[in-house]
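Using the sequences provided together with the hints, build the complete structure.
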Amino acid sequence: MSYRFIRDIKAQPLPVLLIWVSLIGAVTYAAVSGRLSLGLVALLTFALTLAPTFLVKRVGIQLPAGFTVGIVVFIYATIFLGEAVNFYERYWWWDMLLHGGSAMGFGMIGFLFAFTLFEGDRYAAPAWALGFIGFTFAVTIGAVWEIFEFAMDRNFGLNMQKSGLQDTMWDLIIDVIGGAIGGLMGFLYLKGQPVGGFTKVLAEFVVKNRHFYRKHPFRSRRRKG
0 MSYRFIRDIK AQPLPVLLIW VSLIGAVTYA AVSGRLSLGL VALLTFALTL APTFLVKRVG
60 IQLPAGFTVG IVVFIYATIF LGEAVNFYER YWWWDMLLHG GSAMGFGMIG FLFAFTLFEG
120 DRYAAPAWAL GFIGFTFAVT IGAVWEIFEF AMDRNFGLNM QKSGLQDTMW DLIIDVIGGA
180 IGGLMGFLYL KGQPVGGFTK VLAEFVVKNR HFYRKHPFRS RRRKG
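Residue 30 in numbering that gives the first Met the number 0 sits at position 31 of the sequence shown; the count goes up by one each step and never skips.
FYI, nobody ran anything at the bench for these hints, they're computed from the structure. No false leads were slipped in.
Cut-off 25 angstroms, straight-line C-alpha distance, at most; resulting in silico cross-link-like pairs (SDA-like, lysine to any residue):
(1) K9 <-> Q61
(2) K56 <-> V72
(3) K190 <-> V206
(4) K190 <-> Q61
(5) K214 <-> A124
(6) K161 <-> L97
(7) K190 <-> K214
(8) K56 <-> L116
(9) K56 <-> L42
Each pair of labels, with its calculated beta carbon distance range:
(10) A124 <-> L35: 50 to 58 angstroms
(11) R89 <-> G24: 16 to 24 angstroms
(12) V143 <-> A46: 17 to 25 angstroms
(13) I172 <-> A30: 38 to 46 angstroms
(14) E88 <-> P216: 49 to 57 angstroms
(15) A10 <-> P193: 21 to 29 angstroms
(16) L17 <-> A128: 36 to 44 angstroms
C-beta: ideal position from N, C-alpha, C; glycine also.
Right, here's the structure in full:
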């Protein structure tokens, strides 16, 4: 078990390893300087960043390196940099950046989920429809998050919504834009039009999890290549 754990650690992409090192360093610094809150936030962030590596495998999903890096960076930027290092207050655009990035990611995840329902059959539904499902998934997640923020502010006296309606509406607008980009990436993937690493990571996910995509023409694609 310990050998497998070490092997999984070594197999992680360099950005993930660097983030883990920085979090361990933050915990060490917090212990020496007596900054309990910093140490707790760093520990929480570290624990959450382990999820993409170890928990996802338990449900039979293999994540491409790009997905793993994206999830870990998002958790790190949201919790540790945002809260412990106070990036939300230092940089006005930090929250917008995270909302846009997460919406784009959820758009791609929503597309993959819809593609899974058809077991990878490219012709079971129009490409635009699968992309649109990804878009609506991202917007739904964004709306649910805004409801969560409202509930926390209302019931526990927090200030997650900051400026209230203005903050909520801008978050939803950014969620719509990010979700549209994520859904578009799914559409372009099905159309065979690569866009940097975005469509590539979708293709890698399908290949790594081909047991979910039994109707996908893997062999025919190889012959064409």
